[in-house]
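Chains as they are written, first to last, in the working numbering: chain B, 255 to 630; chain W, 255 to 630; chain P, 255 to 630; chain Y, 255 to 630.
Just so you know, these hints were derived from the structure itself, not from any lab. The reader is advised that the hints may include incorrect statements.
To be verified - Computed list of lysine-lysine pairs in DSS-like fashion (alpha-carbon distance at most 30 Å, straight line):
| # | chain 1 | residue 1 | chain 2 | residue 2 |
| --- | --- | --- | --- | --- |
| 1 | W | Lys517 | Y | Lys396 |
| 2 | B | Lys517 | P | Lys547 |
| 3 | Y | Lys256 | Y | Lys477 |
| 4 | B | Lys517 | P | Lys396 |
| 5 | B | Lys308 | Y | Lys308 |
| 6 | B | Lys292 | Y | Lys256 |
| 7 | Y | Lys308 | P | Lys569 |
| 8 | Y | Lys477 | W | Lys547 |
Note that the structure is predicted; figures quoted are calculated from it, not measured.
There are 4 protein chains.
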Amino acid sequence: MKPLNIGLVGHGFMGRTHSNAYVSVNNFFDLDYRPVLKAVCGRDAAQTKAFADKWGYESIESDWRVLVKRPDIDAIDICTPNNLHKEIAIAAAEAGKMVLCEKPLSMNTAEGEQMCQAVEKAGVANTVWYNYRRVPAVSLAKQLIDEGRLGRIFHYRAQFLQDWTISADLPQGGTALWRLDSAAAGSGVTGDLLAHCIDTALWLNGSINSVSAMTETFIKERKHNLTGKVEKVGIDDACAFLCRFENGALGLFESTRYARGHKALYTFEINGEHASIRWDLHDLHRLEYFNHKDDSLIRGWRSIHVTDGDMPYMKHWWVPGLQIGYEHTFIHQVADFLAGIAASKPVSPTFRESLETQRVCDAVLASGKDQTWHRV
Amino acid sequence: MKPLNIGLVGHGFMGRTHSNAYVSVNNFFDLDYRPVLKAVCGRDAAQTKAFADKWGYESIESDWRVLVKRPDIDAIDICTPNNLHKEIAIAAAEAGKMVLCEKPLSMNTAEGEQMCQAVEKAGVANTVWYNYRRVPAVSLAKQLIDEGRLGRIFHYRAQFLQDWTISADLPQGGTALWRLDSAAAGSGVTGDLLAHCIDTALWLNGSINSVSAMTETFIKERKHNLTGKVEKVGIDDACAFLCRFENGALGLFESTRYARGHKALYTFEINGEHASIRWDLHDLHRLEYFNHKDDSLIRGWRSIHVTDGDMPYMKHWWVPGLQIGYEHTFIHQVADFLAGIAASKPVSPTFRESLETQRVCDAVLASGKDQTWHRV
Amino acid sequence: MKPLNIGLVGHGFMGRTHSNAYVSVNNFFDLDYRPVLKAVCGRDAAQTKAFADKWGYESIESDWRVLVKRPDIDAIDICTPNNLHKEIAIAAAEAGKMVLCEKPLSMNTAEGEQMCQAVEKAGVANTVWYNYRRVPAVSLAKQLIDEGRLGRIFHYRAQFLQDWTISADLPQGGTALWRLDSAAAGSGVTGDLLAHCIDTALWLNGSINSVSAMTETFIKERKHNLTGKVEKVGIDDACAFLCRFENGALGLFESTRYARGHKALYTFEINGEHASIRWDLHDLHRLEYFNHKDDSLIRGWRSIHVTDGDMPYMKHWWVPGLQIGYEHTFIHQVADFLAGIAASKPVSPTFRESLETQRVCDAVLASGKDQTWHRV
Amino acid sequence: MKPLNIGLVGHGFMGRTHSNAYVSVNNFFDLDYRPVLKAVCGRDAAQTKAFADKWGYESIESDWRVLVKRPDIDAIDICTPNNLHKEIAIAAAEAGKMVLCEKPLSMNTAEGEQMCQAVEKAGVANTVWYNYRRVPAVSLAKQLIDEGRLGRIFHYRAQFLQDWTISADLPQGGTALWRLDSAAAGSGVTGDLLAHCIDTALWLNGSINSVSAMTETFIKERKHNLTGKVEKVGIDDACAFLCRFENGALGLFESTRYARGHKALYTFEINGEHASIRWDLHDLHRLEYFNHKDDSLIRGWRSIHVTDGDMPYMKHWWVPGLQIGYEHTFIHQVADFLAGIAASKPVSPTFRESLETQRVCDAVLASGKDQTWHRV
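Please take these sequences and the hints and turn them into a complete structure.
Right, here's the structure in full:
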């Protein structure tokens, strides 16, 4: 097996999920490459060291500019807040490194376009961690759609509901809460949650042509962890939008961090002429499927327990009936990425593919502001 | 339409469900007969009168012996505690009346046999109100089995779980609580709840050969409403049994009034070589079905919303998606009974068919006592 | 008991549900009034006669103008296509009759305003059959909200999904399919289905201020049953809208007849600061409830089986665990209406209250056309 | 961190789950010990070598007698067919090694007793891999019970349903199918599946006093992979039993490999005076809980999504709403085992504790044979 030397930037929540993927992937997948945890980069030396020790990174860096130039690094993995994606990705590409970037690709389309041009000019492998595509049940949905089982699509709806920011006492900003700080995150639920929904939708149902959105910030001011002062909240707490897809389907998307009772309820449903599909992150190992062609006496929504060996990715895991969880989606993405570089093939979603998600997000945010329909 | 003059004995919970069935059936089913509420019989004149007024009974009686001899009565419907079934049914049959008897048929097999002989000798139409057979989803299960969709049957399991007698303060006996009084009820959950499970099982899966049971009375003494004294509780609070069916299937049955959280959770599941079926009274309008012959990628338990017009009984009701409830099962049984007498055909379950359920109950109770396997 | 003489106009699907409510209500509710099925009116004499016989109407009429003037009629119940509501309701009010009108109130707000003025001027009792308010689980939701259990409301979402018009071979117009004919129905799913969602929402969550809608007609032309020719379809097959409520909540509504796999899936969910509620017409006897104040170890969505005697309306029915169905909602509405007239109190929703739903529908349809936000 | 040198015997399905636990545990848990994959032992050198390479074992052995004596090994992990457990465990204990043994402990109680005596005499840490105790939802159930939330227990029921041996064409014996060979497995579903149910039950609900069982072998003969001949099947394909617990609760257990539609449906339900609990391996991240003390209007079964940081084990994983899967139960057991040896405390279930499960299994199998109740 060939080594692939990883340089990780950022060691928060996503740093953990990616590191776990790197150390686990070869235990379950037969691949030509094996990731090597060469270095992790973070601003706080003690924390970075502790993270490196925990996961087995060989070295640490405090400046990503140094990391991206290290000759012993093959691939830069970006797990920073969104406002750093562009600069790091471009520098990494210019240094000839492969780039794996956490989602969303960028703060906006303009930034994303620059990033795409950089990786394309450098000719380096690149991907964005829209990990939910690789939940086996979601991959199965893609397969069923590609096989034409649904027929003409009439409706696509998705939601991503959370409830963790309802308290007005929660501050914004800083290491743990940068997702509430518009300077670091760019947007609120739109870039954080809806971006996932949009990525999946574009993958499963094709392009979105136009959108009409509604955004809201329920808690208008919060203490800022960096300044210590109460400051205006710049992010969207909730965002919903109507849209029309290129294929004629109507779309309905919603995301919020104020849906009491839901922790990470990402759901989607697709209604086609012949069949419909539903999925739900809270029970991610199941796919619901309705097949109108069934004999009418035994026609109903099926709950498919996506654990058998003929299901996407599942032959690499356990035996039928035994479910996998959240972190496996990252392992699958690494497995596919490694297979991709072995075959010299791009791995979806590339920067360019993810730019389309950015474009929809921008249109959604603009529509939320001026309250008119926007072309994507 | 020809009238069918009904004489109802007893006006408790079951008196209401039957009366509602009689007054509603012709609004939904096209039949040759129309039930006429001729008389209701009860010991308490004021209560009986109030019941008659509410439901439109033309007259009341206080002595069932008078009622069964009235020439203007065609059919006697027995809704009394179990210990009166035999005497009333035999008298009614001897008077040439049709007999509709609440379940269980009798206090025991010996009584039931006498009742069967009486109606058979008299040649009168007869049926026992095992109403759950006529939940559309249960009738659908029967249809799917009869079509051979399940193949060889390996397992049958059923349970009927309630929680209404957990409090030790609940008394036994009297009008409302005769089900806790062994003198009136014969047994506890075995005759009250398991009898339903057994009736359905015999209908869907054929004869039961042998049983091994366990019974328990959790609250050993309760105040008796009739005597005013604390008395030993004679009924079974809970009963579970293993059994073997004639067709080789293994059976597992359980019933209790001490399953906290369950009100009337009657469920059954049948596992066959090719398919399996599940049903649940708490969501009675759904049938779950697993078809192993499905394409493996889309194989899963289906939740069939049994409301379309091609489902058993459902063309008589509303439109797809709109569910019916509990009392409709009685309406269906009356509809079938009326169709049966128009066609001079027996309507299942007859007394004779229900005697088999009694036989299993007796074996179960005997096994619960001596803790050995019993042949049915 | 005092009689309330009913004159029913129309004897289709709704004619059946209302008739059943009239004949059943006194069997389950103790009331001062008893509906008397005095007359049913329909254009086809044979069909009207058959309906009258089935349900026990004493007489038939072929002209509603005659019916509304009959001195032996106390209340006119309008079950015609929408385009006749206004004229009949106004004539009935002018004749001093109470008016019970099927939903939606009218073809549009202007018509509805005239109807309101007519019943108010005449001082006659009036109501609109938004029956889903009286599903016990929905009434329970109202009660929980009124008790303040949810706190500040952030989100309201509702959908009504069907799939019965997907086939392009289905014609439009005529007796059975007037809901597809814009001349008779006014609109498609907006008036037929969204009107229910909006009525419930206004009841549970207060006024809607503004809307942004998207409408679609998937099948552009269908054979018309009245002309025999292929004609343009004028109704909306699907409609979704974003909205803002007076109380600051964001709303998301969707309705379609092209959601394969759903027959009558009316669902709503409300997210409050302290608690959330979900409901679903396909299992109408359940309410889901999440209470954030629960001890964190045992916090989760509860599935409340709304069948106990302390639940709204349920003491009139059976025993805990035994569910009721769709038609019971109409019985409840009649019970409340009869209690209302006995107490000389208006019964929600009145014409005036339902006019607000009409106003939202009009704004939605206008927004669907010009693709801008509309104030209600 | 101190190393704990592991010697693994067997590298089948369980060898994989244990190895994954060893390599992952320190990435998620802060512990004093780190497992070192010192050696894996298997009969086929090529397969053993491939396994060692995949998981990073430093060496391989072909004879477990050699392995257990290697001075560089601290702990022997037994993942062989059941018939080898005893000999290996005793030899390992005698060599002063800690022993981790796959379940069931042994072929029968007599063997198990010898194993207990060996580890106790040697004073070595020992545990049996009844991994399902450490599903967070199951650990939560234990916590809720220990807090006294359920009150007096009336009922315990469990089932473990599979469907993978329905085909008569499936052979028995050999590496992959030793679970069908009574010589290697001792029993069928009783030791394989019911042992899990019994272990959990003893842990959650205390001792079982007596049992009445029913066993069945549906397919009487199968080709044997070792002999190449069609041979009698000696294992139980299905087993169900009634039992009485020391605490007065009634128990009902069932297991089969002939329940079409179920892959690994291990469920249990406990009904107490005040509350009830349900769990299901097919959705292992959820616990269902019914609390009778809830306000009656909002009383219902709660579906607890066991993913928050205050849930057992979950602070070591991701964020609320993101589920873990099957293999994590093994990681938890290793974490607890390592913490146990650091604290010099036994880790449940020990050999001695698991012997009780063996005792129940023996009574069940004996009862299945002679069809009488057996004391445990």
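Results of checking the hints against the structure:
With a CA separation close to 25 Å, the supplied pair lysine 517 (chain W) and lysine 396 (chain Y) stays within the 30 Å bound. For the proposed pair lysine 517 (chain B) and lysine 547 (chain P), the alpha carbon gap of about 15 Å is at most 30 Å, so the pair holds. Restraint check: the Cα-Cα separation between lysine 256 (chain Y) and lysine 477 (chain Y) comes to about 49 Å, which exceeds 30 Å; the hinted pair is violated. Proximity of lysine 517 (chain B) to lysine 396 (chain P) is assessed by CA-CA distance (about 25 Å); at most 30 Å being required, the pair is judged to hold.
Simply put, lysine 308 (chain B) and lysine 308 (chain Y) have alpha-carbon atoms about 21 Å apart, close enough for the 30 Å limit, and the pair holds. Using a Cα cut-off of 30 Å, the hinted pair lysine 292 (chain B) and lysine 256 (chain Y) holds, with the two alpha carbons roughly 24 Å apart. Of the pairs offered as hints, the one joining lysine 308 (chain Y) and lysine 569 (chain P) is violated, with about 65 Å between alpha carbons and a cut-off of 30 Å exceeded. Distance hint between lysine 477 (chain Y) and lysine 547 (chain W) is fulfilled; the C-alpha atoms sit about 25 Å from each other, no more than 30 Å.
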